[in-house]
Amino acid sequence: MINRARLMSLDAKWAVIIVAVSVLVVFTVIPMLYLIFRSMLVDGALDLTTYREVYSNLVNWKAFINTFKISLIVTLLSVIISFPLAWLVGRTDLPGKGFFRTVFIASYMIPPYVGAIAWTQLLNPNAGYLNEWLVHTFNLASSPFDIYGMGGLIWCLTLFHSPFAFITISRALEKMDPSLEEASRVSGASPLRTLWNVTLPLMFPSIFAGGVLVFIGVGSAFGIPAIVGMPAQIEVLTTRIVTYVYLGTGKGIKDATALAVSLMLAANFILYASTWLIAGKDYVTIGGKSTRPGLVELGVWKWPLFGLVSLYGLFAVFLPLGSIVVTSLIKSLSRPIALDNLSFATWLAALKNDQYMEPLWNSFVAAAITATLATVIALFIAYLLIKTKVSGRTLPDSLSTLGGATPSIVIALALIITFSGEFGLNLYSTLAILVIGYMVKYLTMAVRTIAASLSQVHPSLEEAALNSGASWLRSLKDIMLPLIAPSIVAGWFLVFMPSFYELTMSIILYGAKTKTIGVLLYELQTYADPQDASVLAVIVLLIVLIGNIILRKVSKGAVGI
Amino acid sequence: MAEVRINSVSKLFGEVKAVDNFNAVIRDGEFVSILGPSGCGKTTMLRMIAGFEKPSLGEIYIGEQLVSSAAKSLFVPPEKRNIGMVFQSYAVWPHMTVFDNVAYPLKIKGYSKNDIKSKTDKALELVHLDGYAARIPSQLSGGQQQRVALARALVSEPKLLLLDEPLSNLDAKLRESMRFEIKDLQKKLKITVIYVTHDQGEAMAMSDRIVVMNKGVIQQIGTPTDVYETPANRIIADFIGLVNFLPGEIKDGMATIPGLGLSLAAPEVPAGAATVAIRPENITIGRAGGRLSGTLVHKFYLGDAVDWRVEAGGFILRVIDKGMEHDDYRLGDTVSLDIKKYLVFPGQP
Numbered sequence: 000m001i002n003r004a005r006l007m008s009l010d011a012k013w014a015v016i017i018v019a020v021s022v023l024v025v026f027t028v029i030p031m032l033y034l035i036f037r038s039m040l041v042d043g044a045l046d047l048t049t050y051r052e053v054y055s056n057l058v059n060w061k062a063f064i065n066t067f068k069i070s071l072i073v074t075l076l077s078v079i080i081s082f083p084l085a086w087l088v089g090r091t092d093l094p095g096k097g098f099f100r101t102v103f104i105a106s107y108m109i110p111p112y113v114g115a116i117a118w119t120q121l122l123n124p125n126a127g128y129l130n131e132w133l134v135h136t137f138n139l140a141s142s143p144f145d146i147y148g149m150g151g152l153i154w155c156l157t158l159f160h161s162p163f164a165f166i167t168i169s170r171a172l173e174k175m176d177p178s179l180e181e182a183s184r185v186s187g188a189s190p191l192r193t194l195w196n197v198t199l200p201l202m203f204p205s206i207f208a209g210g211v212l213v214f215i216g217v218g219s220a221f222g223i224p225a226i227v228g229m230p231a232q233i234e235v236l237t238t239r240i241v242t243y244v245y246l247g248t249g250k251g252i253k254d255a256t257a258l259a260v261s262l263m264l265a266a267n268f269i270l271y272a273s274t275w276l277i278a279g280k281d282y283v284t285i286g287g288k289s290t291r292p293g294l295v296e297l298g299v300w301k302w303p304l305f306g307l308v309s310l311y312g313l314f315a316v317f318l319p320l321g322s323i324v325v326t327s328l329i330k331s332l333s334r335p336i337a338l339d340n341l342s343f344a345t346w347l348a349a350l351k352n353d354q355y356m357e358p359l360w361n362s363f364v365a366a367a368i369t370a371t372l373a374t375v376i377a378l379f380i381a382y383l384l385i386k387t388k389v390s391g392r393t394l395p396d397s398l399s400t401l402g403g404a405t406p407s408i409v410i411a412l413a414l415i416i417t418f419s420g421e422f423g424l425n426l427y428s429t430l431a432i433l434v435i436g437y438m439v440k441y442l443t444m445a446v447r448t449i450a451a452s453l454s455q456v457h458p459s460l461e462e463a464a465l466n467s468g469a470s471w472l473r474s475l476k477d478i479m480l481p482l483i484a485p486s487i488v489a490g491w492f493l494v495f496m497p498s499f500y501e502l503t504m505s506i507i508l509y510g511a512k513t514k515t516i517g518v519l520l521y522e523l524q525t526y527a528d529p530q531d532a533s534v535l536a537v538i539v540l541l542i543v544l545i546g547n548i549i550l551r552k553v554s555k556g557a558v559g560i
Numbered sequence: 000m001a002e003v004r005i006n007s008v009s010k011l012f013g014e015v016k017a018v019d020n021f022n023a024v025i026r027d028g029e030f031v032s033i034l035g036p037s038g039c040g041k042t043t044m045l046r047m048i049a050g051f052e053k054p055s056l057g058e059i060y061i062g063e064q065l066v067s068s069a070a071k072s073l074f075v076p077p078e079k080r081n082i083g084m085v086f087q088s089y090a091v092w093p094h095m096t097v098f099d100n101v102a103y104p105l106k107i108k109g110y111s112k113n114d115i116k117s118k119t120d121k122a123l124e125l126v127h128l129d130g131y132a133a134r135i136p137s138q139l140s141g142g143q144q145q146r147v148a149l150a151r152a153l154v155s156e157p158k159l160l161l162l163d164e165p166l167s168n169l170d171a172k173l174r175e176s177m178r179f180e181i182k183d184l185q186k187k188l189k190i191t192v193i194y195v196t197h198d199q200g201e202a203m204a205m206s207d208r209i210v211v212m213n214k215g216v217i218q219q220i221g222t223p224t225d226v227y228e229t230p231a232n233r234i235i236a237d238f239i240g241l242v243n244f245l246p247g248e249i250k251d252g253m254a255t256i257p258g259l260g261l262s263l264a265a266p267e268v269p270a271g272a273a274t275v276a277i278r279p280e281n282i283t284i285g286r287a288g289g290r291l292s293g294t295l296v297h298k299f300y301l302g303d304a305v306d307w308r309v310e311a312g313g314f315i316l317r318v319i320d321k322g323m324e325h326d327d328y329r330l331g332d333t334v335s336l337d338i339k340k341y342l343v344f345p346g347q348p
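Chains A and B are the protein sequences, given in the same order. Taking numbering that gives the first Met the number 0, the leading residue of the first sequence gets 0, the next gets one more, and so forth. Taking numbering that gives the first Met the number 0, the leading residue of the second sequence gets 0, the next gets one more, and so forth.
Chain A with its partners taken away, still in its complex shape (with noise of 0.2 Å):
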């Protein structure tokens, strides 16, 4: 009988192997080798003209120098101001750091393009909110602000991207075991001298983690570029792929696969050469019992720092989304915002009209079926990494952290040259390519989550079902899955929000019956119609905001990106 069991299980286990492996080779891996190769072929054999012709036009090449000094400025002011931040939050007796906390955390699901919108109603120099509240106060001339360009560009990057480093970094601080700043004090060191000597070393690594993730983020941003940069003849590789794709012809999808192979190229090597840097330096301390850290006391300093704070919390949060609101709700854009120039007449138009809603559901439906295709597979890699010893287990999950890794115009455009009817799989503005797209790019989010609550559950509980003759897939389902419910509920979440909103992907592979909110916002921000813009992209955060109370809820907090 157990024999019997045992051999059973196994051939299942191999089975999923072979699904998950065969599902990511045939969406991941291959569309991203033909797309190198397509890229170095000309007329059928090797041949790197293709770059030299792309990169001899100072256009491009502006743009290769602009997405690197930009996300490298970015990734900088991000970590300089989410450290301290993060320390202020967790360590001090800041006044109302919890409620601060929760917001730059949860200010991750505002989406980047949703947030460039909102600044371009707040600085544009013709009417920009804050620009007219800034003249009006200090009986300027002209508006002393202009969002679009550099200084624009990097503000609403840092703004929107710099939440995925504070995350890293205050997870960590929570992480660490306070009695190590303790043994400092003890010692004899004031608390800027600990933070200086124990906290900032220690904490080096996440740090570091932190800047990396920021860096590829902004690297591979299309959004934001877009909305704020292009009107100001800004290019980086991300708009130059979208205008080269949007050419139309064979010559432009060419120039466009030799960008997108230097962007894949480049985030990748550094995110590997970034992991193999930190590699056994994030150190691990063994944690005594759970004593709450003895809070600094900022003294003098308080009131200052809650100001700081507090501005930048309304730069990051409050004012963006009060200025999407006021805008969706506002009835004559060219008078001041007052009450009685309120209605709700343009939210009544919007939600009547088809061509609005009809992309909303093509997002959710698309979301939805990513999601729950993406949990699936990612219980059965999450599986076979943390509770099985088979050979070759950590391959699945590789290639969905790699999918995870490389900048989503590369894979979009990848999955357009691949799957266009080349190999018999035509898939060219279907939503089939939309969900493949969204699910090689948040699979690994699934697979971490469901991973992580796994290898909390003791391989005794699962034994203990086999001992009673459940076979493998039976005790999957009595034992594993009600353990960890919660963890599929997550990643089903953690999954199905960025799908709903990505605008990246689908600008490039959307149709005409398939176009997403994320497209539509896009369009309707370039054609200059803010107040309809306005109306979705709330609706847009209302529904993220309801996801994210729910996964907070199933979670318990405990995942919350």
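Just so you know, not all the hints are guaranteed correct.
Said to hold, decoys possible - In silico DSSO-like links for lysine-lysine, alpha-carbon gap of 27 Å or less:
| # | chain 1 | residue 1 | chain 2 | residue 2 |
| --- | --- | --- | --- | --- |
| 1 | B | LYS53 | A | LYS174 |
| 2 | B | LYS116 | B | LYS189 |
| 3 | B | LYS158 | B | LYS116 |
| 4 | A | LYS301 | B | LYS172 |
| 5 | A | LYS96 | B | LYS106 |
| 6 | B | LYS108 | B | LYS53 |
| 7 | B | LYS187 | A | LYS301 |
| 8 | B | LYS187 | B | LYS116 |
| 9 | B | LYS71 | B | LYS106 |
| 10 | B | LYS53 | A | LYS96 |
| 11 | B | LYS121 | B | LYS71 |
| 12 | B | LYS106 | B | LYS116 |
| 13 | A | LYS301 | B | LYS71 |
| 14 | A | LYS301 | A | LYS61 |
| 15 | B | LYS118 | B | LYS186 |
| 16 | A | LYS96 | A | LYS514 |
| 17 | B | LYS71 | B | LYS16 |
| 18 | B | LYS79 | B | LYS172 |
To be verified - The calculated label-pair distances, taken between Cβ atoms and stated as ranges, are:
| # | chain 1 | residue 1 | chain 2 | residue 2 | range |
| --- | --- | --- | --- | --- | --- |
| 19 | B | PHE299 | A | HIS457 | 29 to 37 Å |
| 20 | A | THR101 | B | LYS53 | 53 to 61 Å |
| 21 | B | SER72 | A | PRO303 | 38 to 46 Å |
| 22 | A | TRP275 | B | LEU188 | 26 to 34 Å |
| 23 | A | TRP195 | B | LYS53 | 44 to 52 Å |
| 24 | A | SER467 | B | LEU330 | 35 to 43 Å |
| 25 | B | PHE74 | A | THR101 | 23 to 31 Å |
| 26 | B | LEU184 | A | ASP92 | 33 to 41 Å |
| 27 | B | ASP114 | A | ALA272 | 39 to 47 Å |
| 28 | A | PRO124 | B | LYS108 | 37 to 45 Å |
| 29 | B | ASP114 | A | TRP195 | 18 to 26 Å |
Simulated from the structure, these hints should not be mistaken for lab results. Ideal Cβ positions, reconstructed from N, Cα and C, are used throughout, including at glycine.
Using the hints, position chain B against chain A.
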């Protein structure tokens, strides 16, 4: 010099009283343990002495210096208290070598390079880690890491050393030998030690005096003998060592246990319901001549002793015997029990 005086200290976390009116004087050079179950407030008290928590009420003096006073809103931060402290999790910094870990307090205090070298080497020698200076902590065992923490706490020759369950992460054998090492160090350095633990064996073996806490309140302060032989109340008798509790009644200065046919002198306990407490090692088993008779019902052979269960008058008594020829006795034998020592507390068990 480093006498520690704690006057009416309380600590509230919201509505919860973690420490309630703590009063104690720890004399210069004394080794005092604060003993109690987890959550009894002992660590909170230690953290208030260290300066990581502010007392809600009361005052703390270290030597002549008032370091904390709720009434005067006075609070000296930990870095200005000149104390050494060892943490449960060792708190050895993983990014520094053993030498740099131990030398850190000296560097902060601005000692010269030569002084730092000689004092650090001396401290490492003291904890038998000479030769490990260049290692990094991840290359050390738990016991060695705890020695690094100890050397770091002692290197700047503080007058007061605080230890927060320093041995609880070590394995049993090492824990046992570290007890004696820490005690030896304390004697050699004549330093005042406050030691927090939930392990009564540790507290008994090392301390000059023990402060027993429960639910934030001091139950008793006394020498290990006091606390074990004459516990102030039933909670302490139960928490420290093993004990048989029997329900009794006081009348005319005598405690009688109904059903057992036993009466014991208890002149200081008020009349009414009472609890008779007898430690298992204070009951002897013999063939005849005892005050009680009982039947042997279970036998657990422990190597250096035998742990018996004896049925007597409807009660099951636990008896630990280290000397008797247990092979002479069989389960089911009727035996005669004698009681060497007992305690009587007011109230039902």
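Verification of the supplied hints:
At roughly 24 Å between alpha-carbon atoms, LYS53 of chain B and LYS174 of chain A fall within 27 Å of each other, so this suggested pair holds. The hinted pair formed by LYS116 of chain B and LYS189 of chain B meets the criterion: a straight-line CA distance of about 23 Å does not exceed 27 Å. Restraint check: the Cα-Cα separation between LYS158 of chain B and LYS116 of chain B comes to about 21 Å, which is no more than 27 Å; the hinted pair holds. A hinted pair counts as satisfied when its Cα atoms are at most 27 Å apart, and LYS301 of chain A with LYS172 of chain B does not qualify at roughly 49 Å.
For the proposed pair LYS96 of chain A and LYS106 of chain B, the alpha carbon gap of about 33 Å is over 27 Å, so the pair is violated. Taken as a hint, the LYS108 of chain B and LYS53 of chain B pair is honoured in the structure, with Cα atoms around 24 Å apart against an allowance of 27 Å. Restraint check for LYS187 of chain B and LYS301 of chain A: the C-alpha separation of about 45 Å exceeds 27 Å, so the hint is violated. A threshold of 27 Å between alpha carbons decides the hint, and for LYS187 of chain B with LYS116 of chain B the separation of about 22 Å falls inside it, so the pair holds.
At most 27 Å may separate the alpha-carbon atoms for a hinted pair to count; LYS71 of chain B and LYS106 of chain B exceed this at roughly 33 Å. A hinted pair counts as satisfied when its Cα atoms are at most 27 Å apart, and LYS53 of chain B with LYS96 of chain A qualifies at roughly 20 Å. At roughly 40 Å between alpha-carbon atoms, LYS121 of chain B and LYS71 of chain B are farther apart than 27 Å, so this suggested pair is violated. Using a Cα cut-off of 27 Å, the hinted pair LYS106 of chain B and LYS116 of chain B holds, with the two alpha carbons roughly 10 Å apart.
Distance check on the hinted pair: LYS301 of chain A and LYS71 of chain B sit about 22 Å apart at the alpha-carbon level, within 27 Å; holds. Proximity of LYS301 of chain A to LYS61 of chain A is assessed by CA-CA distance (about 44 Å); at most 27 Å being required, the pair is judged violated. Proximity of LYS118 of chain B to LYS186 of chain B is assessed by CA-CA distance (about 19 Å); at most 27 Å being required, the pair is judged to hold. For the given pair, LYS96 of chain A sits about 41 Å from LYS514 of chain A by alpha-carbon distance, which is inconsistent with the 27 Å threshold.
For the proposed pair LYS71 of chain B and LYS16 of chain B, the alpha carbon gap of about 21 Å is at most 27 Å, so the pair holds. At most 27 Å may separate the alpha-carbon atoms for a hinted pair to count; LYS79 of chain B and LYS172 of chain B exceed this at roughly 36 Å. At roughly 31 Å, the beta carbons of PHE299 of chain B and HIS457 of chain A sit within the given window of 29 to 37 Å. In this structure the supplied range 53 to 61 Å is violated for THR101 of chain A paired with LYS53 of chain B, their Cβ-Cβ distance being about 26 Å.
A hinted range of 38 to 46 Å is violated for the C-beta pair SER72 of chain B and PRO303 of chain A, which are about 22 Å apart. Restraint check, TRP275 of chain A to LEU188 of chain B: a C-beta distance of roughly 47 Å breaks the suggested window 26 to 34 Å. Taking 44 to 52 Å as the suggested C-beta distance range, the pair TRP195 of chain A and LYS53 of chain B does not conform, at roughly 24 Å. Range check, SER467 of chain A to LEU330 of chain B: about 38 Å between beta-carbon atoms, so the 35 to 43 Å window is met.
Between PHE74 of chain B and THR101 of chain A the beta carbon distance is about 30 Å. The supplied range of 23 to 31 Å therefore holds. A beta carbon spacing of about 37 Å between LEU184 of chain B and ASP92 of chain A agrees with the range 33 to 41 Å that was offered as a hint. Between ASP114 of chain B and ALA272 of chain A the beta carbon distance is about 43 Å. The supplied range of 39 to 47 Å therefore holds. The hint said 37 to 45 Å for the Cβ distance between PRO124 of chain A and LYS108 of chain B, and at roughly 57 Å that hint is violated.
In this structure, ASP114 of chain B and TRP195 of chain A meet the distance hint of 18 to 26 Å, their C-beta atoms being roughly 23 Å apart.
Comparing the model with each numbered hint stated earlier shows that hints 4, 5, 7, 9, 11, 14, 16, 18, 20, 21, 22, 23, 28 do not hold.
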